[in-house]
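*Asks:* Spelled out, the chains give:
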Amino acid sequence: MSVLTYIILIPLAAALALVFVPRTFSVVFRAVAILATLASALLAIKMFVQFQPGAAGFQNEQQVTWVSSFDPRPTTPDPRLAAISYHVGVDGINVGLVLMAAIVAFAAACVSSEIKRREKQFYILLLTMAGGILGAFASLDLFFFYFFHELALVPTFIMIGVWGRGAQKNYATFQITLYLSIGALIALVGLIALYVQTGAKTFDIPALIAMASEPENGVPLGAQKFIFPVLLFGFGILVSLWPFHTWAPLGYASAPTPTAMLHAGALKKFGLYGLIRIALPLLPQGAQAWAHTLAWLCLGNLLYAGWVAMRQKDLNWLAGYSSVAHMGFVFLGIASLSLIGVTGAVVVMIAHGFLASLIFALNGYLYRQTGTLEIAQLGGLLRKLPFIGAALIMAAFAGCGLPGFANFAGELSVFFGAWKSFQTITVLACWGAMLVGALYLLRAMRAALHGPLVQKWANIEDARTLWRKTPFALLLACLLIFGFFPRLLTDKIQLPAAVILRTAAADVFTPSSSSSSSSSSSSKPLYVAAPPDKHHLQ
Amino acid sequence: MNLLLLVHEWSVIALALALLLADLWLPLSSKRKLGYAAVAGLVVILLYGIIKPPPYGTTFGGMYVMDGLALFFKRFFISAAILVLLMSVEFADHIETGIAEYYALILFALSGMLFASSANDFSLLFVSLELITVTFYVLTSFQRARLASLEAGVKYLIIGALSTGFTVFGIALVYGLGKTLNFGQLAAVAGQFKSNPVFLFGLLLVLTGLGFKIAAFPFQIWAPDVYQGAPSPTTAFLAVGSKAAGFVLLLRVLFTAVPQIALEWSRLLIVISAITILYGNLCAIPQRNIKRLLGYSSIAHAGYMLLGISALSAAGQSAVLYYLSGYLVTVLGAFTVICIALQSRPAERDEGGPSHGGLDFNEDISSLAGLNQRSPLLAATITLALVSLAGIPPLAGFLGKFLLFKAALAQAPAQHAYYWLVAIAIAGVVISIYYYFGLIRAIYWSKDPADLSPIRTSIPIRISLCACIIGMLYLGIRPNLFVKFAADAIQKLTS
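The listed protein sequences derive, respectively, from chains V and C.
Per this note's numbering, numbering of the first sequence is gapless, rising by one per residue and ending at 540.
Per this note's numbering, numbering of the second sequence is gapless, rising by one per residue and ending at 502.
Read the hints as simulated data drawn from the structure, not as lab findings.
Keep in mind the model is a prediction, meaning the values are calculated, not measured.
Quick reminder that beta carbons are idealized off the backbone N, C-alpha and C, glycines included.
Don't take every hint at face value.
[To be verified] Some, not all, of what chain V presents toward chain C, calculated at C-beta under 8 Å:
1) 65
2) 66
3) 68
4) 69
5) 70
6) 153
7) 164
8) 180
9) 183
10) 191
11) 195
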């Protein structure tokens with residue numbers, strides 16, 4: 003069995019095991035959840051370290067036939083052509099995502115001590131969600147890709163509905179359920195339509211891409227222009243693409259901390275990953291046709307959501323809007339359809355995963371201490387909370403895109419990539435990112451952490467023990483490691499990104515452009531190593 | 008004539024007659040246990056049919072056909088009847104007299120369904136439909152002291168009789184032109200009546216009768232009232248068995264008898280399917296009575312399955328079979344829970360006073376409150392069932408809908424109306440998530456539930472609930488086997 007299968011199955015098996023533990027053993031639930039996610043995270047780190055950046059194709063692959071065929075006719079014994087198969091594997095793009103999701107899941111399990119009632123149900127849902135997220139990122143089969151995502155999505159709704167906070171909890175649950183269900187179903191229609199259009203008899207993603215990359219076999223142009231927006235908006239709703247973002251701030255503000263961390267950090271990236279993994283290689287012309295629209299929409303994320311974030315009075319709402327805003331970078335990177343842009347987009351996805359979960363974890367800590375996240379009521383907290391406060395400030399710096407944090411590397415390459423295609427939008431996006439982002443984040447930090455200490459909070463406690471600090475320190479460390487050594491990610495991402503963009507980028511680049519040398523040869527067999535790109539980040 | 012082909016039918020009828028005879032001699036106290044005898048008999052019949060499947064072929068001059076589709080549905084109906092009978096044993100306290108007759112009527116209805124699955128002729132279609140419908144008239148109004156039950160029976164009788172009239176009239180018109188009642192022979196000549204209005208009108212009338220059975224728009228009007236008023240086991244059997252019988256006949260008529268004409272009716276089927284989905288889901292939103300809500304939701308599910316039929320492809324037909332298999336375990340699981348959870352509440356009999364529009368207060372959604380504390384197994388079963396009905400992985404309902412949508416989208420490049428149909432179906436799914444989760448919320452998170460007394464469940468019921476749960480998960484997680492069954496079953500249909 004592939005290590006990936008263990009990474010996915012350990013949380014799910016732990017969730018199943020917890021079903022049979024009597025509900026009074028609350029220590030057991032916590033311990034099992036933390037150990038299971040820790041095991042997954044350690045395996046993911048091991049996989050990440052052992053990953054061979056230069057190798058073509060997928061690594062740690064495993065394929066098990068699930069549905070051999072939808073036709074009654076005798077089927078080919080080749081598992082690669084089975085209608086549905088459990089197929090997991092990592093290439094440079096999702097190896098980082100799996101790592102990020104596993105670490106975020108561990109951090110989320112660590113901060114779950116805030117949950118005091120119905121613990122059994124909570125930890126079961128948390129582990130299911132973690133397993134679902136990991137499965138979605140590892141899957142190389144359209145069916146399982148969607149299946150695992152839904153498996154993670156439903157616990158999100160329940161957790162917000164039951165353990166959520168705030169007066170608008172019920173409305174938030176209702177809204178997020180409706181939005182994300184619609185988004186997921188639209189994406190499902192897009193995925194099935196894609197499957198139908200390729201004429202393949204399999205849901206296997208590599209097989210579909212291989213089939214579509216043969217010149218006579220691709221998805222027809224008309225269908226591409228039709229299916230791409232279905233996928234774009236279906237996935238877009240899941241990723242809070244403007245103007246479908248309204249569920250996100252309210253949902254995250256009402257969610258319990260671990261849920262907000264897992265969703266904003268990890269699960270939300272599913273839609274972006276789907277666009278990169280599925281929509282770009284299978285619908286290259288559709289992507290070209292819609293790239294411009296997408297680029298304009300992402301300005302909505304960057305500028306509008308950033309502007310709204312400036313007006314927020316609650317730290318969690320602020321974090322929610324800032325996470326909406328940050329998605330704009332990823333969309334811009336995808337819309338650029340350039341190697342460096344897409345590479346940057348993946349780096350931002352991973353960086354934002356750590357960042358968003360860190361911010362929500364810190365907010366959750368503050369909320370437990372103070373019972374409020376209203377900025378006006380906080381103030382001077384840094385005196386009492388040196389560790390938490392410092393971590394929050396560093397997270398804010400990362401959110402502003404300061405060099406040294408992983409976000410900087412990603413955002414910078416997104417801008418490099420986007421500059422080639424959309425100058426105006428890139429200029430506007432730079433302003434949005436640099437100015438608006440810095441404004442709202444730093445203002446909130448000043449108001450909450452500096453200034454005179456509000457007497458009400460004279461007795462609050464910092465995270466003193468090493469154990470308490472672990473989740474925050476871990477996430478911060480990841481941001482810094484990938485900030486100082488982005489090559490750990492970019493070296494892995496470039497090769498598969500070049501393969502994915504081979505067809506999509508063909509018309510965007512001028513032939514003299516450096517990275518299009520790999521894009522002109524559309525008849526090459528799949529996963530042949532593309533020439534390495536000249537734009538390294540360092 | 009090959010009686011071996013009819014092994015399922017005659018053994019079920021013999022079982023029903025034996026039950027009636029046993030009723031004559033058994034003391035009153037042990038009559039309730041007869042249900043277990045019936046279940047044991049059906050299990051034997053089912054297993055025997057699996058170990059030693061009857062040979063394929065036709066008999067009664069081509070009226071009766073035994074093929075993959077028939078066998079699939081026979082096993083389906085017998086499984087449904089087993090679960091319904093187990094439910095009826097629990098329900099026996101609510102039936103004043105004649106519990107043995109109740110069991111026997113279920114078996115007679117079952118025999119009608121078994122015949123329906125093999126109908127290859129309009130006369131057998133009609134006879135089997137009537138056998139099902141007439142027994143259901145009695146089953147629906149079996150709680151003679153309960154006004155709602157009687158009201159449901161009368162409503163079902165009137166609308167059922169009307170649709171029977173339509174069916175017979177339609178058959179007569181088809182026969183008048185086609186000169187044959189046999190599906191196979193009709194297929195040979197149906198092509199030349201493609202544009203004959205009388206023939207098409209006749210077929211449409213036949214479809215009316217079948218539409219009534221599956222509760223498709225615009226013949227759905229009876230469903231909510233009857234679902235609400237009928238005894239719970241009857242409702243469950245109506246929702247699963249009777250609906251599936253309608254679908255197997257629909258498949259046979261459309262794709263065996265008049266395949267050429269069916270190809271031209273995609274637009275009609277798309278429209279009916281879309282309206283049925285929307286109607287069922289939208290009307291379910293404001294419902295407070297659980298059984299009525301499930302009645303509307305069953306209309307919506309008929310719409311989803313019609314979506315598969317409207318795809319007019321083998322993929323669509325096999326998706327319908329897969330969906331029905333999931334629907335069987337899901338709906339019967341849900342109804343078993345409802346049957347037990349609601350009857351254990353202090354009974355509020357509404358004899359005497361007039362029933363207010365059939366309202367029955369102890370079937371309100373709020374009566375599910377605190378079910379997870381009263382019986383975790385019941386709560387888990389109905390939760391999984393509702394989640395599966397809403398079409399969420401990893402349960403059977405998701406895979407069924409996935410296959411249905413896949414089949415419809417496969418046709419979409421040729422006819423864009425399928426895109427709209429799928430869009431409407433998705434809107435329906437989203438609406439349904441809202442009301443199904445409303446029920447789940449009532450079970451787990453309602454404030455101060457009135458009654459927290461634990462509910463006792465008998466061992467047979469526990470087994471049947473576990474079977475439903477396993478079925479839902481198995482069909483949702485490991486679809487391979489049943490996808491193959493479904494694909495095999497419809498293989499003969501179109502050839």
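*Asks:* A separate judgement is required for each hint: does it hold in the structure or not?
*Replies:* Each hint tested on the structure:
1. 65: Violated - the Cβ of residue 65 of chain V stays beyond 8 Å from chain C, reaching only about 14 Å at its closest.
2. 66: violated, 11 Å
3. 68: With Cβ-Cβ at 6 Å, under 8 Å, it holds.
4. 69: Holds: closest Cβ of chain C sits about 5 Å from residue 69 of chain V, inside 8 Å.
5. 70: Check passed: Cβ of residue 70 of chain V comes within 6 Å of chain C, closer than 8 Å.
6. 153: holds, 6 Å
7. 164: holds, 6 Å
8. 180: This interface hint holds because 6 Å falls under the 8 Å limit.
9. 183: holds, 5 Å
10. 191: This hint holds: residue 191 of chain V lies near chain C, its Cβ roughly 6 Å from the closest one there, short of 8 Å.
11. 195: Status holds, d = 5 Å.
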